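Engineer: Sequence:
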Amino acid sequence: MPSTSLENILLEYMRRNVTTSLKNTYSIWEAGHAANGSFKINVVILYPEETILFKVGFWQLWKWALVQYIAVFFILSSICKKIKTYLFQKQFLSSIVINPMKQKV
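Heads up, the sequence shown stops at 107 in my numbering, and the numbers go up one at a time, no gaps.
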């Protein structure tokens, strides 16, 4: 079970590869444990914005293009089906029903 003392939390944080330097890193206050064993810390850490550059690979680009294509295809397909159904039901377009069973071979 990981330790919840503030000293151990700060030590583990400082051992990490990526750290943020706090102004007052060595002040530690310890008190007796409360009845329920919990404590509350309110901390505001301000850090500068960093730019991370990432070069997209071919397969990642292809995957994203396929996701967009499928999304647009289903939207346009449903719109076209509704327009086609509306046009044929309201008889704006003439249609002929051909029964393939009754055709002469």
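Take the hints with a grain of salt, since some may be wrong.
For each label pair, taking beta carbons as the anchor points, the in silico distance ranges come out as [claimed, not checked]:
#1 Phe56 x Glu9: 32 to 42 Å
#2 Lys86 x Ile47: 28 to 38 Å
#3 Leu48 x Met16: 12 to 22 Å
#4 Leu78 x Val45: 45 to 55 Å
#5 Leu48 x Val74: 21 to 31 Å
Keep in mind the hints are simulated off the structure, nothing from the lab.
This one's a predicted model, so the numbers in the text were calculated from it and none came from an experiment.
We put the CB at the ideal spot given by N, CA and C, even for glycine.
Engineer: So, for every hint listed, does it hold in this structure?
Structural biologist: Going down the list of hints, with the structure as the test:
1. Remark: the range hint 32 to 42 Å for Phe56 to Glu9 is upheld by a beta-carbon distance near 37 Å.
2. A hinted range of 28 to 38 Å for the beta carbons of Lys86 and Ile47 is inconsistent with their spacing of about 58 Å.
3. Checking the proposed 12 to 22 Å range against Leu48 and Met16 shows it holds: the Cβ atoms sit about 18 Å from each other.
4. Distance hint for Leu78 and Val45: a CB-CB separation of about 50 Å, consistent with the stated range 45 to 55 Å.
5. Taking the beta carbon of each, Leu48 and Val74 are about 42 Å apart, not inside 21 to 31 Å as hinted.
Against the hints set out earlier in the document, violations occur for numbers 2, 5.
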